[in-house]
Structures are given as structure tokens and as C-alpha cells.
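Our numbering numbers the first residue of the sequence shown as 85 and each following residue consecutively.
A few of these clues could be false.
What the hints assert, rightly or not - So the derived label-pair ranges between C-beta atoms look like this:
id, residue 1, residue 2, range
1, 134, 155, 26 to 36 Å
2, 111, 142, 12 to 22 Å
3, 96, 155, 27 to 37 Å
4, 129, 154, 26 to 36 Å
5, 155, 131, 29 to 39 Å
6, 154, 130, 30 to 40 Å
7, 139, 111, 14 to 24 Å
8, 155, 130, 32 to 42 Å
9, 132, 107, 18 to 28 Å
10, 135, 110, 20 to 30 Å
I should point out that these hints are in silico values taken from the structure, not numbers from a laboratory.
Beta carbons are placed, not taken as given, at the ideal position from N, Cα and C, and that holds for glycine.
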Amino acid sequence: MSGKIKENSARNNYGCYATGAIRAERNGEYSRAAELWGKALMFARGTSGRFWATRRLEFCANAATRGWGIPDES
85 MSGKIKENSA
95 RNNYGCYATG
105 AIRAERNGEY
115 SRAAELWGKA
125 LMFARGTSGR
135 FWATRRLEFC
145 ANAATRGWGI
155 PDES
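Please work from the sequences and hints to get the whole structure.
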């Protein structure tokens with residue numbers, strides 16, 4: 085297993101949503117990232133994908149609730 089997500093694969097919806105969620109996290113858009121991780125979770129095929137998407141969803145939802153990633157906030 086290469087560990088790389090094939091986001092452009094025609095049937096890899098998990099990869100598309102996960103990649104979008106990762107980009108949103110990097111930009112500090114935790115609310116959007118949580119939404120995308122939730123969508124990725126719906127398309128996860130294996131237990132490891134479901135586990136990862138669930139944990140990232142929980143983390144991003146918590147970060148959004150706490151206001152992380154909002155400029156000029158501390």
C-alpha cells in the first residue's frame with residue numbers, strides 16, 4: 085500500500101472528500117473540514133478509513149467549536 089490517496093480516481097469519493105478536508109484543515113477552516121470529513125466517512129470502505137475520518141471529524145468539530153483557525157483570535 086502506497087499510502088497516497090488517488091483523489092482523481094472516478095470512484096474514489098473518500099479520497100476526494102478527504103483531500104478537501106485536509107486542505108480545509110491546513111487553511112484553518114475547521115468547520116468546513118469537519119463537514120468534509122463527515123462526507124468522507126460516508127464513503128470510507130475499510131475500518132481504517134472509517135476510524136481516521138471519525139477521529140478527524142471529532143478533532144475538527146472540536147477545533148471549530150473552540151474558534152481555532154480564526155484570524156486575530158486567541
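For each hint, the structure was consulted:
Restraint check, residue 134 to residue 155: a C-beta distance of roughly 33 Å satisfies the suggested window 26 to 36 Å. Separation of residue 111 from residue 142 is about 19 Å and conforms to the stated range, judged on CB atoms against 12 to 22 Å. At about 33 Å, the CB distance of residue 96 to residue 155 agrees with the hint of 27 to 37 Å. Checked against the hint of 26 to 36 Å, the pair residue 129 and residue 154 passes, with Cβ atoms roughly 34 Å apart.
Residue 155 and residue 131 have their C-beta atoms about 37 Å apart, which keeps the hinted 29 to 39 Å range intact. Taking the beta carbon of each, residue 154 and residue 130 are about 34 Å apart, inside 30 to 40 Å as hinted. A C-beta distance of roughly 20 Å is found between residue 139 and residue 111, which places it inside the suggested range of 14 to 24 Å. Residue 155 and residue 130 have their C-beta atoms about 37 Å apart, which keeps the hinted 32 to 42 Å range intact.
The hinted range of 18 to 28 Å is satisfied by residue 132 and residue 107, whose Cβ atoms lie roughly 21 Å apart. For residue 135 paired with residue 110, a C-beta distance near 21 Å keeps the hint of 20 to 30 Å intact.
Of the numbered hints given earlier, the model fails none.
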